[in-house]
Amino acid sequence: MKMKSQSSRQYRGERLQALTVRQARFIDAIAGRILPATDAPGAVEAGAVFYIDRALAGPYPHLLSRYTRGLRALDKHAKRQFGASFEKLGDEQQDSALGDLESGKIAELPNGEAFFELLRTHVLEGVFGEPSYGGNKDMIGWKLVGFPGQQWGYPETYINKAVDLPPITWEGLPKKPGQS
Amino acid sequence: MNGSIADVCIVGVGAVGGILAKQLTSAGLKVVAFERGPALKTAEYAQRDSISYIARPDQLEGVRHEPRIFRTSTTQPGNLRYGTSPFNVLGGSMLLWTGQASRFMPGDFKVYSNEVASGLADRAGVDLRGYDVVDWPIGYDDLEPYYERFEWEFGVAGVAGMNPFAGPRRKPYPLPPLKMTARMQLFGDAAKRLGYHPFIGPAAVTSEPYRPPAPYDTRIPERPACVYCGHCNHYGCHVNAKASTLHTAIPVALQTGNLELRTNCKVANITTDDKGMATGVKYFDPNGVLQEQRARVVILSAFVFEHVRLLLLSKGNGKRFKKGLANSSGLVGKCFFGHGDMRVYGLFDNFIINGFIGSGAAAMRIDDFNGNNFDHTGLGFIRGGTVGCSGDGAPVSRMDIVPPDVRSWGKEYKEYFMRYYTRTFDIHMAPETLPRRDNCVDLDPRRRDRWGLPLPRVTFAFHANEKRMHLFLADIGERIFREAGASKVWTELPRPSPTRQCGGTRMGTDPNHSVVNGYCQSHDVPNLFIVGSSVFPTMSGYPATATISALAYRTAEYIERQRDWFH
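Residue numbers (the working numbering), protein chains in the order written: chain B, 1 to 180; chain C, 1001 to 1567.
Please note that a few of the clues may not be correct.
Below, simulated DSS-like cross-link-like pairs (lysine-lysine); rule was C-alpha separation at most 27 Å, straight line [what the hints assert, rightly or not]:
no.	chain 1	residue 1	chain 2	residue 2
1	C	K1488	C	K1192
2	C	K1110	B	K161
3	C	K1179	B	K161
4	B	K105	B	K88
5	C	K1411	B	K76
6	C	K1192	B	K161
7	C	K1411	B	K105
8	C	K1110	C	K1171
9	B	K88	C	K1411
10	C	K1179	B	K143
11	B	K161	B	K143
12	B	K143	C	K1171
13	C	K1030	C	K1275
14	C	K1110	C	K1411
15	B	K88	B	K76
16	C	K1411	B	K143
17	C	K1110	B	K79
18	B	K137	C	K1171
Simulated from the structure, these hints should not be mistaken for lab results.
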């Protein structure tokens, strides 16, 4: 296999570590349906695709072939059902194709339900997980739901009261005395 | 101590092993303690990071090398399961526990007498065929002084006397309760209006800075108060407010000079002599080289799966232990059980809950449907479980909790999660599972760990008594949520895999029907002790930690008394 040049792995200003640009674009299209942008940003803006890329380059390299196979089958299904690549379909058609994947109706992909579940889980982890794993850019996911992040602690328990603290990451916490 | 004989070898240094090490070294015994994993610093296990600890437990150093095989029937090959309990590092899963520190109730030790022999099971209309219900050989009174020592050495926060179903106690809790949270308030008020008896569940989390006073062990270092960061269950505590042996018992044991700690060492089997006594252990050192340590007493404190595995792997010694060590009863690995992990969920339109704040163990609970505290006539099951509020968690812990009428992705899901992440909590049940011989742990015939040892294999399913109990408790939880004003309520019945695993080396008086006696001492091998939830003859509707800790103190005292073993 030929090594790809570094520039060919550039995607949205970051270098991909496991996925191809084409795969990353495809995953972004899916991520945009799993947690779509509305008035508030969604999974694309949170950079869920970069969480997935790092996961596949790091601890889960064995899942890359599942992604490759699964995405290929989903694209084929999209072409057969709607006459175009998944990325080129409108929102409703994309949702319909994903729904077929979710209910295991894609013939070429036995156990497609499990692949959908993997995609959904990875996308949402990429939105709501700690930013150090590649996703949740600018803590978008935490701001969406009102989670103040890895606060050192809380001065009170905020009973029936909105929490007014800006979210913070572990790395962003000021070091406390006695921390080993 | 290589080449020489230790007084005591301890296998596994978590909650139980840490307490045993402290007590035995303080009595002057020379102890060599083996821990499979490393000694981590606080910053190495308390990053409070939901990707590592919730989403990817299979990647954690203390988990990844020793999964177990899980199957629901003997006809299946089974799947690999990774869980943060056991957590194979110094201090064990107690680093990641929630901190629920309830004592068992007096009736939990006498299920056979109280519920089977008494005819109660018949009146309940329950079919107990296939179950193997027995009494414990010890009772609540035997453990009461040791529960007290656990509470005062580890710093348990609670309100004595608030739970009318709790057993009698000589001393109050050493610490006042943790701060009230929204879920405690909603649950407590609703349960009270329904005529139940809500109480603040005891938590081994410091509500104030704490150091044990005399007559308890004053050598234990002070710990600061909880900061309510909300990362308890499955996470390490960054301020050490949540009790663990790593910051209490283990440093004290090391200070005595009598403890030699061998971390990153994996015990492979227990050695025996021609009289059938244990002589020590064989273990893989950090370089994977097999070594031997001789000892006068061997104690297993490495949790259910490892206890069963080590005993089965230590078979041999001529014909004597052909079914496995300490297994003349044939019961090693049998009667494995735990709790069903069962939750009812509620959403609130008129109340902000902020479930991510607080201490995981700070909960309001009721015991009105626990154990034998209610009339079972005609219910079709015996026993029950504690019912309490829970629902801590960063968004990654909560993202899969979706009402049945909401699609789990897309715009609808996003709107749901954005609105309700801060407006929800769970009612958590701890339905106990009755013991059965066909729910068991053995060795997987094919799959092995990194040392080449067979992986433990679990075969487990819930049966009629559990299934009826689950539905009954779901109804209680849903009733409390509706009373509390939840706008949507739904139940998730337990997956067929018990949490808080117990059993496998049952305690009893008859060597034909149990593995260890009331002091956790093997009937067959008198200088072998097995300590932990594996010895439970039956479960309780509570988690095990306070009880295994009490058993550890009591067993240590028993071993200390055998002066002639140590010259």
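Against the structure, the hints:
| no. | hint | in the structure |
| --- | --- | --- |
| 1 | C:K1488 with C:K1192 | holds (21 Å) |
| 2 | C:K1110 with B:K161 | violated (46 Å) |
| 3 | C:K1179 with B:K161 | holds (16 Å) |
| 4 | B:K105 with B:K88 | holds (21 Å) |
| 5 | C:K1411 with B:K76 | holds (25 Å) |
| 6 | C:K1192 with B:K161 | holds (23 Å) |
| 7 | C:K1411 with B:K105 | holds (22 Å) |
| 8 | C:K1110 with C:K1171 | holds (24 Å) |
| 9 | B:K88 with C:K1411 | holds (20 Å) |
| 10 | C:K1179 with B:K143 | holds (26 Å) |
| 11 | B:K161 with B:K143 | holds (16 Å) |
| 12 | B:K143 with C:K1171 | violated (46 Å) |
| 13 | C:K1030 with C:K1275 | holds (24 Å) |
| 14 | C:K1110 with C:K1411 | violated (53 Å) |
| 15 | B:K88 with B:K76 | holds (13 Å) |
| 16 | C:K1411 with B:K143 | holds (17 Å) |
| 17 | C:K1110 with B:K79 | violated (66 Å) |
| 18 | B:K137 with C:K1171 | violated (51 Å) |
Comparing the model with each earlier hint shows violations of hints 2, 12, 14, 17 and 18; every other hint is respected.
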